[in-house]
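**Q** Each chain is listed here by its residues.
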Amino acid sequence: MNLLTRVHAQNLVDWARDRPEVVVLSADLTSSTEIDLFRDTYPERFFSMGMAEQNMMSFAGGLAREGFFPFVHTFAVFLYRRALDQISMSIAYPNLPVRMFGFLPGITTPGGVTHQAIDDIATLRTLPNMTLLECGDATDVETVLDVAQAIDGPVYVRMLRGEIPRLFDASDAMRLNQARVLSVGTDITLLSSGICTEEAMRATSVLQARGVSIQHLHISTLKPFDDPAVLHALAQPRYGVITMENHSVTGGLGTAVAEMIAEAGLARRLVRIGLKDTYAHGASRPYLMREYGLDALALVRQVEALLNTSLDIDEDDLAAIRLTQVHSVAKAEAL
Amino acid sequence: MASPTPSPSAIRWQDTALHVARAIRRRVLEHVIINNGGYLSQACSAAEILATLYTRIMRLGPSQAPLIPKPFPGVPGASNPQAFTGADYHGPKGAAFDRFIVSPAHYALPLYAALIEVDRLAAEALEQFNKDGSTVEMIGAEHSPGMEVTSGSLGQALSQAAGIALARKLRGETGRVWVLMSDGEFQSGQTWEALQVLAFHRLDNVGIYVDVNRQQCDGSMSDVLDIEPLDERIRAFGATVFAVDGHDVEALAAPAALPPAHKPLVVLAQTNPWQGIDLLRARAPKLHYVRFSSAEERQRFADLLATMP
Chain Z
6 MNLLTRVHAQ
16 NLVDWARDRP
26 EVVVLSADLT
36 SSTEIDLFRD
46 TYPERFFSMG
56 MAEQNMMSFA
66 GGLAREGFFP
76 FVHTFAVFLY
86 RRALDQISMS
96 IAYPNLPVRM
106 FGFLPGITTP
116 GGVTHQAIDD
126 IATLRTLPNM
136 TLLECGDATD
146 VETVLDVAQA
156 IDGPVYVRML
166 RGEIPRLFDA
176 SDAMRLNQAR
186 VLSVGTDITL
196 LSSGICTEEA
206 MRATSVLQAR
216 GVSIQHLHIS
226 TLKPFDDPAV
236 LHALAQPRYG
246 VITMENHSVT
256 GGLGTAVAEM
266 IAEAGLARRL
276 VRIGLKDTYA
286 HGASRPYLMR
296 EYGLDALALV
306 RQVEALLNTS
316 LDIDEDDLAA
326 IRLTQVHSVA
336 KAEAL
Chain C
249 MASPTPSPSA
259 IRWQDTALHV
269 ARAIRRRVLE
279 HVIINNGGYL
289 SQACSAAEIL
299 ATLYTRIMRL
309 GPSQAPLIPK
319 PFPGVPGASN
329 PQAFTGADYH
339 GPKGAAFDRF
349 IVSPAHYALP
359 LYAALIEVDR
369 LAAEALEQFN
379 KDGSTVEMIG
389 AEHSPGMEVT
399 SGSLGQALSQ
409 AAGIALARKL
419 RGETGRVWVL
429 MSDGEFQSGQ
439 TWEALQVLAF
449 HRLDNVGIYV
459 DVNRQQCDGS
469 MSDVLDIEPL
479 DERIRAFGAT
489 VFAVDGHDVE
499 ALAAPAALPP
509 AHKPLVVLAQ
519 TNPWQGIDLL
529 RARAPKLHYV
539 RFSSAEERQR
549 FADLLATMP
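Going down the list, the protein sequences come from chains Z and C.
With the numbering used here, you'll find the first sequence wraps up at 340, consecutive numbering, no jumps.
With the numbering used here, you'll find the second sequence wraps up at 557, consecutive numbering, no jumps.
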């Protein structure tokens, strides 16, 4: 399991080489959203919009009406929270192919509450015409552009930057509305998204060694959310379903799964791991994941609760199987 | 812009524009009387602006849309190929053709009236106004005749027009993008964000006509939230600004004839919200949406209509 750096930066440059209709908009976070290399490589296709997201979103709508594909980059909070009306009316209503890249999802930033996008999925899921994608590793980041570009309409991508792990084989591209099956099992069905998948993989390997049979799916498409494989997996487990997301449990993956369980009439318990209707604050990612119960140990405890047993797993067991190096270098988590 | 070829029988463009402006005002008043309500003061203030844009300033091709608008085809979406745009009333998109973005979508009634007077829309189209299933909506959206973008909430259209303008620059198109705005929209932060970007990226293919009628929903802008000195503020944001009499068609047309000079163009058309319908004056400052308070008042407006040229 290796750690990669600035995956989006190089990938976007390579990917956009023969796509002159792709233009990139920046809201004063050019290196922070890894589009500095694009700016330097294709300056004629890079447009600085300044610290003004409302205009940027409507402006992107105008460009998209003319046949261009605006790739809007900023921190997720500034995108969906500040410019929601503009996304809704200037982009989503007319179903324009604007590709929105929201960085610093959930608690991946020590920037605190002003920088933490904890309800972006919940908010944007309610907009008609929107497609929502979330990246969980380097392979997702490298292949999400093809998925997004194939959509006839607006796409929001919950993006990762800096140092990110490669959890999935580089040839195993993200597919729209198709979960990645990471393990199969019959006791628990576990659905994880974003950075929680790495934590979930750490936990599941230990849990499986203790005899727990887990079906683990990585979710990269949050809307549409009607993958038949997901529905099938939700109907399977003997003990219940667990969702795990770097987002509020209100309105995100956990809610989408709850809706699917209820609509299908499945009698399955559901445990939602995520931010429990709370804002967070500024601190390191490992600290926040522990503090708010989003990490591998939190998952273990929820599995134990569902199974009504103790599996005798502690931090040391989980630390022994780190999937990646500790995220510590440079400004990977900084602003 | 070239002058019409002079000939003994030629009608001066100024006369045509003024004729259209009077007809817009008259048609909107007639509609408001029939329906006992409507955006009448906006027709009073913007009639010459719309008339001058359509008859003198904008280079538009022939309408591509039916004179009687088609019903609402459903919202735009990947699964709805039936969706269409009200921009079709402005003719085909082409490198040399201009575009027209109407920002205050509640100016729909004066806009429809203008389209009727320049023969892009049938007079009967107004019978569909604000009727269920119709695209001739009270507040226009992008499927409404003459509308190209969904511009609500107010303040979003200029940004969209700027994006369209950048795309046209990138393609080397010579046509311009005209935007009709209301002055109240300059209370919105997004308008200033858009002006920043227009000036910084030198989008001089955008021309903005502002109906400076100094009215807003709650009353006079000077009482609600004053934005003067608007000309100095906009100039400070890097635009070329002209303040003109918004009922003088020559003064309105002159700035548009100047060659673009690396800056967005803003024409502040200073208008009177009861221009041509002096009866409205008594209703000030409640002019945003006119609903007659009595049959007697309605009759007075009907009597006035009968005398209008």
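Just so you know, the hints here were simulated from the structure itself, not pulled from any lab data.
Since the model is a prediction, treat every value here as computed from it, not as a measurement.
For glycine and all other residues, C-beta sits at the position ideal for the given N, C-alpha and C.
Any given hint could turn out to be false.
[Stated by the list, open to error] Going by beta-carbon spacing under 8 Å, a handful of chain Z positions derived as facing chain C: (1) Ser95; (2) Tyr98; (3) Val276; (4) Tyr284; (5) Ala288.
**Q** Determine for every hint whether it applies to the structure shown.
**A** Here is what the structure says about each hint:
| no. | hint | verdict |
| --- | --- | --- |
| 1 | Ser95 | 5 Å, holds |
| 2 | Tyr98 | 5 Å, holds |
| 3 | Val276 | 35 Å, violated |
| 4 | Tyr284 | 25 Å, violated |
| 5 | Ala288 | 32 Å, violated |
Hint compliance for this structure: hints 3, 4, 5 are not met, and every other hint is.
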